[in-house]
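The listed protein sequences correspond, in order, to chains D and L.
Residue numbering for the first sequence follows this note's numbering, starting at 1 and increasing by one per position.
Residue numbering for the second sequence follows this note's numbering, starting at 1 and increasing by one per position.
Where hints are given, some of them may not hold.
Derived lysine-lysine pairs resembling DSBU-like cross-links, with alpha carbons at most 35 Å apart [to be verified]: (1) D:K251 / L:K389; (2) D:K32 / L:K67; (3) L:K389 / D:K336; (4) L:K285 / D:K86; (5) D:K401 / L:K401; (6) L:K82 / D:K287; (7) D:K93 / L:K401; (8) L:K356 / D:K86; (9) D:K197 / L:K82; (10) D:K196 / L:K356; (11) L:K217 / D:K32; (12) L:K251 / D:K283; (13) L:K251 / D:K401; (14) L:K223 / D:K82; (15) D:K32 / L:K82; (16) D:K86 / L:K228; (17) D:K401 / L:K93.
Some chain D residues judged to face chain L by a derived CB distance under 7 Å, without partners named [to be verified]: (18) L77; (19) T160; (20) T225.
Derived from the structure by calculation, the hints contain no laboratory data.
For glycine and all other residues, C-beta sits at the position ideal for the given N, C-alpha and C.
Number of protein chains: 2
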Amino acid sequence: MKLEGKVVVAQGGGPTAVINQSLVGVVLESRKFQQVTRVYGAEHGVDGILNENFFDLSQETTNNLEKVAQTPSSALLSTRVKPDIKYCQEMFKVLKAHDVRYFFYIGGNDSSDTVRIVNNEAEKASYEFRAIHIPKTIDNDLVLNDHTPGYGSAARFVATAFAGANLDNRALPGVYIGVVMGRHAGFLTAASALAKKYPDDGPHLIYLPERKFMISKFLEDVKNTYAKYGRCVIAVSEGISDENGIPIITKLSKHEERDAHGNVQLSGTGALGDLLADEIRNKLKIKRVRSDTFGYLQRSFLDCVSDVDQQEAREVGEKAAHFAIWHNLDGSISIKRTGSYSVNYSLEKLEDVAGKTRVMPDTFITPEGNNVTQDFLFYCRPLVGSGFKQAHRLRVPRADKIL
Amino acid sequence: MKLEGKVVVAQGGGPTAVINQSLVGVVLESRKFQQVTRVYGAEHGVDGILNENFFDLSQETTNNLEKVAQTPSSALLSTRVKPDIKYCQEMFKVLKAHDVRYFFYIGGNDSSDTVRIVNNEAEKASYEFRAIHIPKTIDNDLVLNDHTPGYGSAARFVATAFAGANLDNRALPGVYIGVVMGRHAGFLTAASALAKKYPDDGPHLIYLPERKFMISKFLEDVKNTYAKYGRCVIAVSEGISDENGIPIITKLSKHEERDAHGNVQLSGTGALGDLLADEIRNKLKIKRVRSDTFGYLQRSFLDCVSDVDQQEAREVGEKAAHFAIWHNLDGSISIKRTGSYSVNYSLEKLEDVAGKTRVMPDTFITPEGNNVTQDFLFYCRPLVGSGFKQAHRLRVPRADKIL
Numbered sequence: 001m002k003l004e005g006k007v008v009v010a011q012g013g014g015p016t017a018v019i020n021q022s023l024v025g026v027v028l029e030s031r032k033f034q035q036v037t038r039v040y041g042a043e044h045g046v047d048g049i050l051n052e053n054f055f056d057l058s059q060e061t062t063n064n065l066e067k068v069a070q071t072p073s074s075a076l077l078s079t080r081v082k083p084d085i086k087y088c089q090e091m092f093k094v095l096k097a098h099d100v101r102y103f104f105y106i107g108g109n110d111s112s113d114t115v116r117i118v119n120n121e122a123e124k125a126s127y128e129f130r131a132i133h134i135p136k137t138i139d140n141d142l143v144l145n146d147h148t149p150g151y152g153s154a155a156r157f158v159a160t161a162f163a164g165a166n167l168d169n170r171a172l173p174g175v176y177i178g179v180v181m182g183r184h185a186g187f188l189t190a191a192s193a194l195a196k197k198y199p200d201d202g203p204h205l206i207y208l209p210e211r212k213f214m215i216s217k218f219l220e221d222v223k224n225t226y227a228k229y230g231r232c233v234i235a236v237s238e239g240i241s242d243e244n245g246i247p248i249i250t251k252l253s254k255h256e257e258r259d260a261h262g263n264v265q266l267s268g269t270g271a272l273g274d275l276l277a278d279e280i281r282n283k284l285k286i287k288r289v290r291s292d293t294f295g296y297l298q299r300s301f302l303d304c305v306s307d308v309d310q311q312e313a314r315e316v317g318e319k320a321a322h323f324a325i326w327h328n329l330d331g332s333i334s335i336k337r338t339g340s341y342s343v344n345y346s347l348e349k350l351e352d353v354a355g356k357t358r359v360m361p362d363t364f365i366t367p368e369g370n371n372v373t374q375d376f377l378f379y380c381r382p383l384v385g386s387g388f389k390q391a392h393r394l395r396v397p398r399a400d401k402i403l
Numbered sequence: 001m002k003l004e005g006k007v008v009v010a011q012g013g014g015p016t017a018v019i020n021q022s023l024v025g026v027v028l029e030s031r032k033f034q035q036v037t038r039v040y041g042a043e044h045g046v047d048g049i050l051n052e053n054f055f056d057l058s059q060e061t062t063n064n065l066e067k068v069a070q071t072p073s074s075a076l077l078s079t080r081v082k083p084d085i086k087y088c089q090e091m092f093k094v095l096k097a098h099d100v101r102y103f104f105y106i107g108g109n110d111s112s113d114t115v116r117i118v119n120n121e122a123e124k125a126s127y128e129f130r131a132i133h134i135p136k137t138i139d140n141d142l143v144l145n146d147h148t149p150g151y152g153s154a155a156r157f158v159a160t161a162f163a164g165a166n167l168d169n170r171a172l173p174g175v176y177i178g179v180v181m182g183r184h185a186g187f188l189t190a191a192s193a194l195a196k197k198y199p200d201d202g203p204h205l206i207y208l209p210e211r212k213f214m215i216s217k218f219l220e221d222v223k224n225t226y227a228k229y230g231r232c233v234i235a236v237s238e239g240i241s242d243e244n245g246i247p248i249i250t251k252l253s254k255h256e257e258r259d260a261h262g263n264v265q266l267s268g269t270g271a272l273g274d275l276l277a278d279e280i281r282n283k284l285k286i287k288r289v290r291s292d293t294f295g296y297l298q299r300s301f302l303d304c305v306s307d308v309d310q311q312e313a314r315e316v317g318e319k320a321a322h323f324a325i326w327h328n329l330d331g332s333i334s335i336k337r338t339g340s341y342s343v344n345y346s347l348e349k350l351e352d353v354a355g356k357t358r359v360m361p362d363t364f365i366t367p368e369g370n371n372v373t374q375d376f377l378f379y380c381r382p383l384v385g386s387g388f389k390q391a392h393r394l395r396v397p398r399a400d401k402i403l
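Isolated chain D, as found in the complex (with noise of 0.2 Å):
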């Protein structure tokens, strides 16, 4: 018994360098099906859905679809409304009028929160829906997932400017403190690790969300790592907090502005970076010290993707459509690793993933808590995908002094 009616996919959350993938995924699969009797794509996630702004994605060629999964950030535009059940009532009704039968969202745990309740109202209604979750987060913060689409491209990006980053403190010596997307989970700050090749390669310190901050710690770390190479690379997570769970950015920025689920806002400021440098500057008497916050172009940079990234995102928006559409199933697509280097998909109940967050395991961590491990090295390297950019070195010997 085929379950005839409409697709609508839709994405939101912030964009990733992938995520466009997971949206072709969807549409490719979903047109080959002949009970799908057109696939839709909401503009700017569920609000498109509850405005009835939807695309007809089945009149896009393949062509221009397959550049659009090239391209990053949400082609069909996003959204960072948090709905409650009264919005996924409305959303329901809307999606019931269009005849939809399949829905696909490509986003973070909050998004995987709205699928569980929009699938709840159908059920309510006894009307026949299957609605998946399609994982998107440059965070890497989603629980089950042995990692999730748009992290690799993103990390690759954090690893290079770090690599080159500490190829420009080497040639200038002095601090550099670089800061890096990630509220909760330190996962991206962490990829920052795969830039060192050499072993006096920065970053030498890297604080993470999983770790109190603590200032005097700080900044005695970084007057050691100055004695030792002359220099030092630091990456810094935006999230970092200090005992009290307060974030360090809010201890300083004047303007204070909260998202809808209440979080101060992180990015889309250096203050940060400036207030480290300054304290360095302050405490340590050091002069050169610069501070970058990496910013949005850690998810939205055209030419630093990785090609495993690519794929996998790809995969999962063809197992959600597989998923709904020839076993008629509702849930979260989660990644799951099975060799070194391979992985295969399954899927889990939304309510094990929505509002759900991952944090970085201990063991990724240096006891420290300065640094992150091998063991995270092993996991992180292949998900940046081939092509990564190694630094090199000049290795000649020195010339005698003659004067």
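Put chain L on the given structure of chain D with help from the hints.
The following block gives chain L in isolation, referenced to the frame of chain D:
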């Protein structure tokens, strides 16, 4: 009559993504000449000469030199020292003691001046000596050059970053400010315009140091753009100054650091972007305002390099060796555009390049002073090289509303 002796090559100032191409061009070409007894590299620029810190590059393999050529940032390490006459006299003593007959200094217009002074010392001492300045700067501000090695790759990074930031801003609308390097010359900030593909793409506004920056006009521009597109992407040069020539950043930064030239430190802080974002929030009451400062990523990123820039950087190094060793000439290598697109190299007098700064011609800037012209796009496009990434959009019709 062949001039027998050693070669010394050094790198000065801010690193670029292709500065090692020029280094390797000098080394590989110099090593072919019988009259060259050794090829030395000075560590940390002029500082390495003063202190006799030389690497014997005669002992490096061609394979590793080619790998180093692909690596951004100065492989010989760099310096911010600006030598005065006394410093140059000491340098000359060292060069003479080591029987150095050929001196190649890869750097900006300050480095050019250093080469000029050292060369004068040699002439005064009647010491046979060839000195060549090899151009390098992401700022693209050397006179008598169509453009400079390092600019094309930095321009590619900036344009690619804005293409991604524009997609991100389109998906989650608001105001986005990207702050780009450049104290007096706006060439690098202007390169952001290459990010535009569709008519409504950003950057919508571009502010350059060549035009006075007035905050009231800026706010008006942003307001109009936001009203038109529901969003606004802005490229700002870190060097923008008010009607009195005072950098906007100094109006707000607590910390003021000056370099050896008395210039206020502009990079390595997010302060300018944060100030402008605050102004927009407070005066225009726009909620979602984000700023990123691209910082050191612009000149050191490993994975976004222009092949045209790489080739030209190699060639200026090779030509320097030709001019000095084949032709017994001193001077500054210069890039001339000879076609669309082709270049050739000439040797200019050191005093004609030294210490001078080129800025954007008026024909590259729109009359309103908040954007660039087609002339500039025609000028800049070939420099970012082949394989420049393009964004693609969906182009399907909307579905009819039912409710």
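Numbered hints the structure breaks, given as an ascending list: 1, 2, 5, 8, 10, 11, 13, 15 and 20
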